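**Student:** Residues per chain, in single letters:
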Amino acid sequence: MKEIIAVIRMNKTGATKKALVEAGVAGFTALKVMGRGKLVEDPSVIADRKQKLLAMAGDEADGEAERVVEEFLDGTSLFPRRMFTILSHDDDVEKVIKAVMQVNRTDNRVGDGKIFIMPVDDAVRVRTGETGEAAV
Amino acid sequence: MLMIRAIIRPEKKDEMLAELSRAGFHAATAVDVVGRGKQKGIRIGGVVYDEIPKVMVMMAIRDEDKDDIVRLILQYGKTGEKGAYGDGKIFISPVEEAYTISSGAKGL
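Chain order of the listed sequences is A and B.
Numbering of the first sequence is given in my numbering, commencing with residue 464 and proceeding in unit increments.
Numbering of the second sequence is given in my numbering, commencing with residue 6 and proceeding in unit increments.
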């Protein structure tokens, strides 16, 4: 039994839910969280995105807008993400990881999220009182 | 690899995350939570508040960084010199694997 924690983009929630159903592990718990990842040390990685986002600001683009966009992209400040907690059998872990990675990958090079795999000692189904693998 | 879950006072979050980042531990996830501890909440007059707002900071870290991070959380999570009831808890659990979605790379 493993607990899979996936922190992903907000707008990928729907796609991830669908992918989980297709992977055969439909159950999950999702939370809104605020997060940040590793600092982006190489500015060329986010240069393209920065241009695009600044272009959206149009004429209002000034130093302030540039600062906000840069902090958003290089991960200095916390930004909203969706955290999925999925409980799965040991054998299904690989399938789930693959499914989540596939639908969440974008061309932005950073910010697609992380997946963590953690051991679970026991689980209990409240309705029947089943424990262990049968409860997952 | 380890997962640190620290339940802290909401007003301590910004400073703690800034100090963790300065020390080189930048990646973190923060969740607003409510909860109660051993003191069964707070009683003010006749009213018991047992859903006290806290922030849960989650960090996946390398084993060797544990002591530094715990020390920083303790230092910046504490109220005053001695600390006070309600400053929070730190829980540490094992993480077996980690993946970065954008690159597919294994590890933190």
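Quick caveat, the hints were computed from the structure, so don't treat them as lab data.
Hints should not be assumed to be uniformly reliable.
Stated by the list, open to error - Residues on chain B that point at chain A, a partial pick, calculated with CB under 8 Å:
| hint | residue |
| --- | --- |
| 1 | Val52 |
| 2 | Pro58 |
| 3 | Ser98 |
| 4 | Glu102 |
| 5 | Tyr104 |
| 6 | Ser107 |
| 7 | Gly109 |
Keep in mind the model is a prediction, meaning the values are calculated, not measured.
For every residue, glycine included, the Cβ atom is placed at its ideal position computed from N, Cα and C.
**Student:** Confirm or reject each hint.
**Tutor:** Outcome of the hint check:
no., hint, result
1, Val52, "violated (29 Å)"
2, Pro58, "violated (15 Å)"
3, Ser98, "holds (6 Å)"
4, Glu102, "holds (4 Å)"
5, Tyr104, "holds (4 Å)"
6, Ser107, "holds (4 Å)"
7, Gly109, "holds (6 Å)"
Of the hints listed earlier, those the structure fails to meet are numbers 1, 2, in rising order.
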